[in-house]
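Given these sequences and hints, build the entire structure.
Protein chains: 2
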Amino acid sequence: MKSEIIAVGSEMLTPFRQDTNSLYLTEKLNELGVTVAFKTIVGDRRKDLVGAIRVALGRADILVLMGGLGPTEDDLTREAVAEALSLTLRRDAAQVAALHARAAAWRIPMPQNNLKQADVLEGAIVLSNPNGSAPGQWLDTTYSGYRKLIMLVPGPPNECRPLFDAECTPRLRSLLPARFIAKRTLRAAMIPESQADKLLAPIYTQYHDVETTILAHAGDIQLTLLCTKASLEAAQHRVDELAGRMEEALEDWLYSTDGEPLEQIVLYYLGLRQATLAVAESCTGGMVAGRITAVPGSSRSFLGGAIVYSDPLKTSFANVPPELIAQHGAVSHEVAEALAKGIRQRTGATLGLGVTGIAGPTGGTETKPVGLVYIALSDGQKTEVLEKTFRGDRDRVRQWATQQALDLIRRRLR
Amino acid sequence: MKSEIIAVGSEMLTPFRQDTNSLYLTEKLNELGVTVAFKTIVGDRRKDLVGAIRVALGRADILVLMGGLGPTEDDLTREAVAEALSLTLRRDAAQVAALHARAAAWRIPMPQNNLKQADVLEGAIVLSNPNGSAPGQWLDTTYSGYRKLIMLVPGPPNECRPLFDAECTPRLRSLLPARFIAKRTLRAAMIPESQADKLLAPIYTQYHDVETTILAHAGDIQLTLLCTKASLEAAQHRVDELAGRMEEALEDWLYSTDGEPLEQIVLYYLGLRQATLAVAESCTGGMVAGRITAVPGSSRSFLGGAIVYSDPLKTSFANVPPELIAQHGAVSHEVAEALAKGIRQRTGATLGLGVTGIAGPTGGTETKPVGLVYIALSDGQKTEVLEKTFRGDRDRVRQWATQQALDLIRRRLR
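The listed protein sequences derive, respectively, from chains A and B. Be aware that the first sequence starts at 1, since it is given in this note's numbering, and climbs by one per residue. Be aware that the second sequence starts at 1, since it is given in this note's numbering, and climbs by one per residue.
Keep in mind that a hint or two might mislead.
Identical copies go unnamed one by one, so any copy, or any two together, can satisfy a pair.
[Stated by the list, open to error] With a straight-line Cα cutoff of 20 Å, these simulated SDA-like cross-link-like pairs (lysine to any residue) come out:
hint, residue 1, residue 2
1, K47, T35
2, K47, L57
3, K198, D258
4, K382, Q236
Please keep in mind that the hints were generated in silico from the structure rather than gathered at the bench. It should be emphasised that the depicted structure is a prediction, and the values quoted were computed from it without experimental measurement.
Written out as structure tokens, the structure is:
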């Protein structure tokens with residue numbers, strides 16, 4: 001079954017806003033065995049919208065229309081579907097009452113044009129929207145002799161997604177052949193994308209029945225494996241088999257076999273070893289700590305640390321001798337090592353991390369270019385120091401350095 | 001002139017990847033006075049692609065096709081455009097030579113199927129792509145009696161964008177009537193979105209010739225004003241007039257009249273007052289420092305600080321008496337105040353910031369719910385403490401708290 005998602009709204013045809021619901025809806029449709037063959041974004045012009053709906057009716061079996069269900073003049077999805085299919089709209093008494101009740105409960109006036117939200121397509125089922133005033137609609141109809149399933153869902157994500165899950169998914173499931181889907185997400189850190197593909201392509205191309213998607217971002221590679229079969233066992237078996245072979249190929253670049261982010265894995269290992277961590281960040285300026293503290297419960301293993309952006313703070317918070325900075329420079333193997341050791345001593349953590357580098361765009365020299373970063377990890381006995389040169393702009397250098405720092409901790413604890 | 005952007009690639013019909021080039025291209029087209037009326041995303045199936053191109057030819061004057069220009073079997077954009085317009089493809093000798101030269105320079109083998117990248121549409125101009133192997137194409141043709149401008153551009157952002165700027169923009173400009181565009185971006189912090197709209201809608205709705213876009217994100221409101229006129233002066237005049245009235249209405253919520261982010265404004269004021277800043281972050285865990293240090297040159301005014309995630313670190317890095325924590329709790333007015341004062345003393349900064357709160361999802365109580373955050377700012381004489389309760393998940397609470405902290409600093413320095 002082929003589907004098309006139509007996002008309705010002129011704001012999504014500006015440089016400022018993008019449809020994001022369609023990624024969510026695509027996942028849900030795929031889980032039902034439905035392929036998304038087209039996505040269309042169209043503005044609030046009735047003629048354009050009617051045309052886009054007719055085009056979609058000609059090339060897809062399932063249509064999901066998002067947005068354009070509100071009370072304003074620009075909300076034209078109902079009218080456009082009616083025109084494209086030559087259906088009438090009737091004002092639904094129960095919906096009119098619901099709109100009045102909603103306005104009364106919120107103690108807001110109820111302008112006349114709000115009532116257009118109660119207009120229902122001939123033959124459609126009203127889909128209740130507990131998070132907003134505009135209900136959705138479900139239409140099971142024919143067009144040029146072919147059966148078409150058409151869903152009208154509201155645009156705001158907090159209305160669209162719950163409504164689709166509660167009202168559209170069960171209806172689609174009851175109409176479509178049963179499908180069982182197995183899914184796994186593997187993640188690997190700091191492996192170059194080309195190397196990952198060289199290692200993995202010979203493996204995953206043998207599994208034509210498993211859909212493999214590779215996403216790469218600043219030192220992080222995410223592999224999603226998806227398989228649909230007539231039984232869950234069969235689907236799971238294929239995904240697990242492919243995942244097992246990929247895990248082997250990725251060796252210790254692999255950090256997660258179920259999609260968890262790197263910071264969560266680091267916290268998992270810290271908990272397992274009953275170890276604590278503290279950080280002294282210069283060029284990453286709090287980004288390592290920011291990622292770690294994004295995980296709920298991180299306070300069990302993460303003590304905190306210092307943002308040692310200025311040289312005096314490297315001394316006062318992480319015991320780095322000023323002479324060491326004067327001799328080797330703030331961005332040096334020696335200062336990174338001293339930061340890791342110093343923050344560990346100052347906080348009493350099991351592990352101390354130190355990061356210092358040149359994020360750019362200025363500050364680089366011939367011997368110490370922009371992108372040069374030193375990352376050190378100390379457990380009191382051994383202090384490991386990495387020297388890396390990351391490419392890209394300030395933001396990218398800082399993201400790569402943060403990822404490398406977390407991966408260094410993971411490798412030590414593993 | 002109406003345009004349609006067609007993004008080609010099955011990966012953009014998965015839940016994992018989204019077209020982002022189209023936002024960039026939309027901005028560039030808008031600047032030329034060209035409206036984007038439709039965006040279509042289509043997979044690597046030839047029949048679907050030919051159909052989508054025919055649909056676009058029927059409803060738009062300018063077509064930009066992105067992607068599907070590479071050497072693999074799945075790269076079918078050239079073939080599909082040829083089929084849709086009944087044009088032939090010819091293998092261009094100069095492009096064949098260029099592909100061989102490129103392979104030789106990179107010392108990589110040159111498989112036979114790479115040569116399809118040298119196939120050029122009958123009547124098309126080859127657009128050079130210095131960042132990749134597949135050139136773009138420009139076709140000025142007719143379809144059903146109407147003139148159509150068709151551009152084929154590569155999909156990778158680092159190839160697509162420079163190629164469009166260097167090869168497509170000048171050609172479009174020479175063909176389209178001269179347009180002058182004025183643009184301004186205003187930003188405001190911590191004003192509720194509904195209140196902003198209530199203040200501003202009566203103003204901007206009077207300016208039908210200025211397109212106003214409002215984006216809201218975690219305590220930040222961004223207003224973009226765009227006006228196109230026959231002269232730059234006329235366009236600038238309208239934008240500046242509307243911007244002036246909006247600035248007045250927004251009062252001191254407004255922080256930026258030219259689009260700069262809040263952290264940059266904070267650094268600007270710090271520089272102006274020759275003041276320095278240090279932070280002691282608990283629940284935001286480094287996010288305030290992370291945003292500030294994202295700005296190049298932030299080291300001139302930002303000293304650093306401490307991530308005081310554990311209670312002992314609140315004492316050792318920011319001089320918070322353990323008794324104070326025992327008496328009032330780590331999340332309290334008193335501890336926030338002590339953090340701000342303490343980090344200021346410890347670092348010698350002009351201003352000290354303290355943030356402590358309950359980001360959730362657990363840790364809330366009846367008197368101290370999830371979302372409660374105390375933010376304090378001290379200059380040694382006066383210490384201001386804000387108590388806020390932010391709604392939403394952990395990530396959202398932390399983002400709002402970070403924004404509120406930066407806004408508190410801005411208001412003090414202004």
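Could you work out which earlier hints the structure fails to respect and list their numbers in ascending sequence?
3, 4
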